[in-house]
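Asks: What follows is each chain in one-letter form.
There are 2 protein chains.
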Amino acid sequence: MLVGKKHFRTIWRDKDRPVLHIIDQRHLPHNFVIEELHSVADVATAIKDMHVRGAGVIGVTAAYGMYLAALALPEKDMDDDLFSAADLLKATRPTAVNLAWAVDRQLEALRKGKSREKKIEIALQTAEEIINEDLDCCRKIGSHGMAIIDEISRKKNGAPVNILTHCNAGWLGFADYGTATAPIYLAAENGAALHVWVDETRPRNQGASLTAWELGEQGISHTVIPDNTGGHLMQHGMVDMVIVGTDRTTRRGDVANKIGTYLKALAARDNNIPFYVALPSSSIDWNIGDGVGEIPIEERDAREVRYIIGLDESDQKVKEVLITPKDSKAANYGFDVTPARLVTGLITERGICEASEEGIFSLFPEKHDQK
Amino acid sequence: MLVGKKHFRTIWRDKDRPVLHIIDQRHLPHNFVIEELHSVADVATAIKDMHVRGAGVIGVTAAYGMYLAALALPEKDMDDDLFSAADLLKATRPTAVNLAWAVDRQLEALRKGKSREKKIEIALQTAEEIINEDLDCCRKIGSHGMAIIDEISRKKNGAPVNILTHCNAGWLGFADYGTATAPIYLAAENGAALHVWVDETRPRNQGASLTAWELGEQGISHTVIPDNTGGHLMQHGMVDMVIVGTDRTTRRGDVANKIGTYLKALAARDNNIPFYVALPSSSIDWNIGDGVGEIPIEERDAREVRYIIGLDESDQKVKEVLITPKDSKAANYGFDVTPARLVTGLITERGICEASEEGIFSLFPEKHDQK
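So the protein sequences, as listed, match chains A and B.
With the working numbering applied, the first sequence covers 32 to 402.
With the working numbering applied, the second sequence covers 32 to 402.
What the hints contain is simulated information worked out from the structure, not anything from laboratory work.
Even for Gly, the Cβ is constructed at its ideal location relative to N, Cα and C.
Among the clues, some could well be false.
Simulated crosslink set (SDA-like; lysine to any residue; CA at most 20 Å straight-line) [unchecked claim]: (1) B/K171 with B/L138; (2) A/K357 with B/A122; (3) A/K350 with B/K357.
Just a sample of chain B residues kept apart from chain A, beta carbon distances all over 12 Å, derived [as the list claims (entries may be wrong)]: (4) V50; (5) K79; (6) E248; (7) S252; (8) I290; (9) S359; (10) S393.
Rough simulated footprint, nothing fancy, chain A against chain B, three-plus residues with beta-carbon under 8 Å [unchecked claim]: (11) 120-130; (12) 187-193; (13) 259-273; (14) 361-372; (15) 376-387.
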C-alpha cells in the first residue's frame, strides 16, 4: 500500500545484494523506519522483538529468513545449518501458526535441493510462492468483502459507509492489503465513500498506531476512538458495519481475536449491525469446536498495561510513561473469543460464509472429508 | 478514606484560618497534592480546571466556596457580591447538576442572613449540611450495596468476591466513601474477602489513576485492566458482579455513565453476571424517560484521546505523549447510556430497586406524586 504516496510491501528483497528490507513497525506511527536484514539471526530478532508482527508477515518474513540461511550455507553439512536456522526461527514466536508452517514448508522443499546453488534457488522460489499466496489471499478477501461495503453504500445512496475496526488486521500484518482492511482499501480504490472508526486497541494501541497510520497514508477518512466508544456510536446509527481480523477461528466459527473484540460483537448484535470477520483459511483451527472453552488465551506482560509509549512533542522523542499507581497490579490478556452466534459472516479467500460448522465446510468441503 | 494510613476527606476547612483544603486530583496517582483555596476565585479555578471532579465533591466544594465568599463580604451591597460569587461558581462546569443545586441552596439560605456575621454563619452551616448529607448518602449506598457483596461472599463460601468497576465513582468524587466504591469499602472494613477489577477507563484513565489509587491506599486487592478485558473475564467466571456509578439516571432507569459502561453491561448480561449502578437520588433526572434518545452526550476535546499523561520514570516527571499519527482525527464522547433492561438494580440511599419506573418510584413515591 502507499506510504508517502509511494507503494510499499511489508517486506522486499534487495535487487543487488543478499539483503531483505522490512518496515520496522515498532517506530510507527511516529517514524517510518526501513530495516535491513542480513542474516537469519537478524530475521529471528526482527520476528522475536516484533519489528514485524501479524500472522501473514511473520510467515513471509520467516520464509525469506530461510532464503538468507540458504545463501549463508557452507559447501557441506548443509542440512544441519538449515535445521538450525529453522529451529532458531520457529523459537521466536512459538504460538505463531504461520511461522512454523512457512519454515516447515521451506524445509520440505529444500529436501529436494542437492547442492548449495539448488537450495538457494528452491528457498527463494518457495519464499516467493509464500508471499504470492499471501498477496492473492488478501486480494480475494478484499474482493469478497468489498461486495458487502458496496451493498451498504447502495442502500445509503452513496453516503459514506461507516466501518468500525478493532486492532490492526491491516497490510502491515501481511505482505500487503491486510485482511480486515482489504475490503476497505479495495472499496476506496473503487471510489466508494467510506469512513473508518479505528478502535485504539489498548493496551498495545495497534489501532491508534498502525491502523490509523495505514488509513492516513492511503488518504482514507478515519477517526481514532477509545475502545469504550463503539457501543455509543452503534446506538446512534453511526456505524454501518464492523470488520475485524482473527488470530484463530474454530471450525464452528468462534473467533479468537484481539482482546475487546467480543465487546464490539455484543454491541453490534444489540444494535442490529453486521459484524464480519475477515480471515485467510489458514487461520482456521479445524481441530477445535468451542472457542471459549478450548482456545488458550495468552497472558502477556502486565507492563504493557501499566506503561504506554508515545511521542513527547517537546523534544520529538518517543517515551514510555507509567499510567497506573506504581504499586497497582495489572492484567494483560491478549485475546478474547467472540462466539459464532455474534458473527454475521466470515470473509475468506473463497467467499463469505456463515460462522458455523455448516457454513465453513460449505466453502472448504475438502476439510470436511479430512475430519 | 485512607491516604498513607491517615484518614482524609476530599475537602476540609482549616481550623484556624479562612482557608479550604482540597486534594488536587490532577496529580494522582503519581503525586498526592493538597491545595489551599483562599477565595471564591480559587474555588472556581479548582472546579473549572478539574482539581476536583465528581458530582458530590463539586457540589460540596462550591458550597464551601460560597462560605469563602461570605467571609470576604464587605459591610454593604453584600447581596451583589454573593450573586457574583454564585454566578462565577455556576459558570465553571455548566452541566454539573450538583454544582448549581449547591450554590442555589446557599443563595436561598443566605437570604435569611441580614448581617455580614449572620451570612457567614449561615453559609458555613449550609456547607456543613451539604457535606453531611453527601457523607450520609454515600454511607447508606455503601450499606445497601454491601448486602449484595455479602450474599455473593456467602454463596462463594468466603472465597474472594470479584467486582468489576468502570471509571471512578469513588471517594475522590464525593466528600468521602464514593458511590460505586462505598459498598466495596464497607464490605472490606467488615472483613469480606474482595478483589476489584479496575477498568483503566480511556481516554482520561480515571480507573487507572484514581480508582486504583484509592483502592491501593485502602489496601484492597485490585488489578488494573484495559477496558477491552472485562468481557473475557466474565466469559471465564472471573467476575461476580459489576458496580458502576452514574452521572444521570432517567426515571425509567436508563443510566448515563462514563463511555464504555454500556459495553460492560452487555457483557454482564451475556454471561448472567449482576450489573449494579450505585447512585444518590439527586442524580435521577425525573423529567427524562428514554436515556439513549434524550440524554445529550458531551463531546470533549479530541486531544484527550490523542495524547496521554503519565510518569516518565527516567526523570520522575509527569509528561504528555502523542499516541496517534499526528494527522489522525479522534473523537471523544464522554458518556454512553446503558438501557435499564441491562441493569440488575439501582443502589440508592434508600435501598436497592429495579431499574424501572415502577422500581424507582417504589423507593421515591413522593416524586411520583410530583409528576
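Asks: Taking the closest pair, is the beta carbon of B/S359 still more than 12 Å from chain A?
Replies: violated, 4 Å
Asks: Report holds if the minimum CB distance from B/V50 to chain A is greater than 12 Å, and violated otherwise.
Replies: holds, 28 Å
Asks: Is the Cα-Cα distance between A/K357 and B/A122 20 Å or less?
Replies: violated, 36 Å
Asks: Taking C-beta pairs only, is B/S393 more than 12 Å away from all of chain A?
Replies: Holds, because the least Cβ-Cβ distance between B/S393 and chain A comes to about 28 Å, which exceeds 12 Å.
Asks: Quick one: work out the minimum CB distance from B/K79 to chain A and report holds if it exceeds 12 Å, violated otherwise.
Replies: holds, 24 Å
Asks: Between the stretch 376-387 of chain B and chain A, are there enough contacts, at least three residues with CB-CB distance under 8 Å, for the coverage claim to hold?
Replies: Violated, because only 0 residues of the stretch 376-387 of chain B bring their Cβ atoms closer than 8 Å to Cβ atoms of chain A.
Asks: Check whether three or more residues of the stretch 120-130 of chain B sit with their beta carbon closer than 8 Å to a beta carbon of chain A.
Replies: violated (count 0)
Asks: Tell me if chain A covers the stretch 361-372 of chain B under the three-residue, 8 Å CB rule, please?
Replies: holds (count 7)
Asks: Would you check the hint for A/K350 and B/K357, treating anything up to 20 Å between C-alpha atoms as holding?
Replies: The hint holds at about 16 Å.
Asks: Check whether the Cα positions of B/K171 and B/L138 lie no farther apart than 20 Å.
Replies: violated, 28 Å
Asks: Going by Cβ atoms, does B/S252 stay more than 12 Å from chain A at every point?
Replies: Violated, because the least Cβ-Cβ distance between B/S252 and chain A comes to about 8 Å, which does not exceed 12 Å.
Asks: Given that the stretch 187-193 of chain B was listed as covered by chain A, double-check it with a C-beta distance under 8 Å for 3 or more residues.
Replies: Violated - the stretch 187-193 of chain B has 0 residues with a Cβ nearer than 8 Å to chain A, which falls short of three.
Comparing the model with each numbered hint stated earlier shows that hints 1, 2, 6, 7, 8, 9, 11, 12 and 15 do not hold.
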